[in-house]
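Residues in the sequence shown are numbered consecutively from 1, following the UniProt record's numbering.
The hints are simulated quantities; they were obtained by calculation from the structure and are not laboratory data. Be a bit skeptical, because a hint or two may be false.
What the hints assert, rightly or not - Restraint ranges, calculated between C-beta atoms of paired labels, are given here:
{"id": "1", "residue 1": "Gln-274", "residue 2": "Pro-150", "range": "22 to 28 Å"}
{"id": "2", "residue 1": "Gln-61", "residue 2": "Arg-98", "range": "19 to 25 Å"}
{"id": "3", "residue 1": "Gly-362", "residue 2": "Gln-61", "range": "53 to 59 Å"}
{"id": "4", "residue 1": "Asp-206", "residue 2": "Ala-364", "range": "37 to 43 Å"}
{"id": "5", "residue 1": "Met-1", "residue 2": "Arg-155", "range": "55 to 61 Å"}
{"id": "6", "residue 1": "Asp-206", "residue 2": "Arg-155", "range": "28 to 34 Å"}
{"id": "7", "residue 1": "Asn-305", "residue 2": "Ala-356", "range": "25 to 31 Å"}
Quick caveat, the model's predicted, so the values are computed rather than measured. We put the beta carbon where it would ideally sit given N, CA and C, even for glycine.
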Amino acid sequence: MTPRILIIAGSDSGGGAGIQADIKTVTMLGGHAMTAVTAITAQNTLGVQAVHPVPTDIVVQQMRSCIDDLGVDAVKIGMIGSAETAHAVADVLEPLGRVGMPIVFDPVMIATSGSVLADPATIEAFGRLMRVAMLITPNAPELAVLTGRPVETEREALLAGHDLTQSTGAAVLAKGGHLLPEATGQVLLPQGEAGDLLADNLVLPDGTDMVWTDPRIDSPHTHGTGCTLASAVAEGLGRDLPLPDAIARARRFVRIALREAPGLGAGHGPMGHQRVRLDCDLGGAMINQVTLPATDHVASVAFYNALGLTMIVESAGRYARFESAGGTTLSVEAAAEIRGQPIIFLEVTDLDAAVASARAHGIAVADPQLQPWGWHEARLTDPAGNTLCLYVAGENRRFPPWRIS
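With the hints as constraints, model all of the structure from the sequences given.
Here you go:
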């Protein structure tokens with residue numbers, strides 16, 4: 001299945017946010033991206049230099065062209081351009097929303113650089129778009145504007161999220177990236193350092209909520225994070241993932257794209273969407289990691305360095321992990337510790353489901369275990385006695401806590 005995602009948003013000439021980020025995200029996740037451009041912006045990593053709204057009738061015609069011919073499985077709304085366009089977009093989407101079309105609304109008001117992208121009249125018109133949406137994805141400043149209450153701590157974000165859900169009927173993902181670091185607590189990283197903990201809270205229309213927490217990634221290259229997250233969620237919903245699963249997958253995508261940022265520009269640079277694919281769900285188990293026995297650690301490290309692999313982890317004398325150009329990883333480990341046999345690691349999205357499926361086919365699989373390095377692993381052997389490992393690692397495979405900088 002190739003989900004068809006209609007993206008209604010502005011164009012970012014610098015390629016970091018807007019429809020450029022949306023298209024990259026949907027494409028890398030396996031969907032087909034279609035666009036209705038609401039505004040053309042001249043912008044780069046330093047800010048927005050100019051904005052040219054697209055006439056409302058042209059925005060609507062773009063939407064109609066996509067809907068009438070290609071069809072749509074989910075919609076993502078970003079920068080809307082004007083109040084007139086907001087109402088016109090709502091006119092088109094309201095019938096789709098009534099029949100269950102997944103619609104994700106990222107209420108873009110201010111660019112990462114601080115430039116204003118929505119005037120008060122446009123923000124006022126957001127009400128119709130929020131009521132037609134399945135999910136709204138505001139950051140803390142946007143949530144404060146939409147609810148009229150302060151949003152600086154995680155608790156304030158959660159309370160505001162409940163308010164917005166009650167007033168719109170949509171689920172709300174209150175993003176924690178703009179919250180005060182001390183408000184979200186700290187996490188003790190495996191190397192003994194303390195880092196800020198970022199929390200994203202999802203509030204559902206039935207009044208329940210859930211939270212995702214991860215260490216904050218310290219990077220100036222955050223341009224387009226909101227666009228990317230919303231588009232990734234829409235792509236997941238377009239392939240019929242449950243909302244929490246679509247959000248979890250989207251968050252993984254954003255975090256790895258942040259870590260892969262190419263470092264372009266003098267300000268808030270773009271993320272590295274093009275480097276994420278191997279770390280996301282492609283519909284089955286992926287051979288993303290191989291561990292080989294090493295009888296001479298120094299010689300093995302020199303060998304794989306000479307082949308052009310990049311060493312990202314080393315425990316001198318016993319273990320080293322390398323990254324290939326395509327993103328897969330290879331480890332060498334003291335032969336005695338892995339009984340002299342290679343181990344093939346198959347990365348899965350849902351470890352419990354993968355283990356249950358294997359067992360249903362008569363395959364003996366050990367119970368999943370959480371490892372100190374952040375992987376969840378379940379080991380098994382094939383008929384020839386070769387060792388395999390089903391695992392979930394997310395960003396910890398290519399970006400482990402002990403990664404060599």
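Results of checking the hints against the structure:
1. Gln-274 to Pro-150: 22 to 28 Å: Because 38 Å falls outside the window, the suggested range is violated.
2. Gln-61 to Arg-98: 19 to 25 Å: holds (22 Å)
3. Gly-362 to Gln-61: 53 to 59 Å: Cβ of Gly-362 to Cβ of Gln-61: about 56 Å, so the range 53 to 59 Å holds.
4. Asp-206 to Ala-364: 37 to 43 Å: Given a distance of about 40 Å, which is inside 37 to 43 Å, the answer is holds.
5. Met-1 to Arg-155: 55 to 61 Å: With a Cβ separation near 39 Å, Met-1 and Arg-155 fall outside 55 to 61 Å, so the hint is violated.
6. Asp-206 to Arg-155: 28 to 34 Å: Since Asp-206 and Arg-155 have Cβ atoms about 20 Å apart, the given range 28 to 34 Å is violated.
7. Asn-305 to Ala-356: 25 to 31 Å: violated (40 Å)
Consistency with the previously given hints fails for numbers 1, 5, 6, 7, ordered from lowest to highest.
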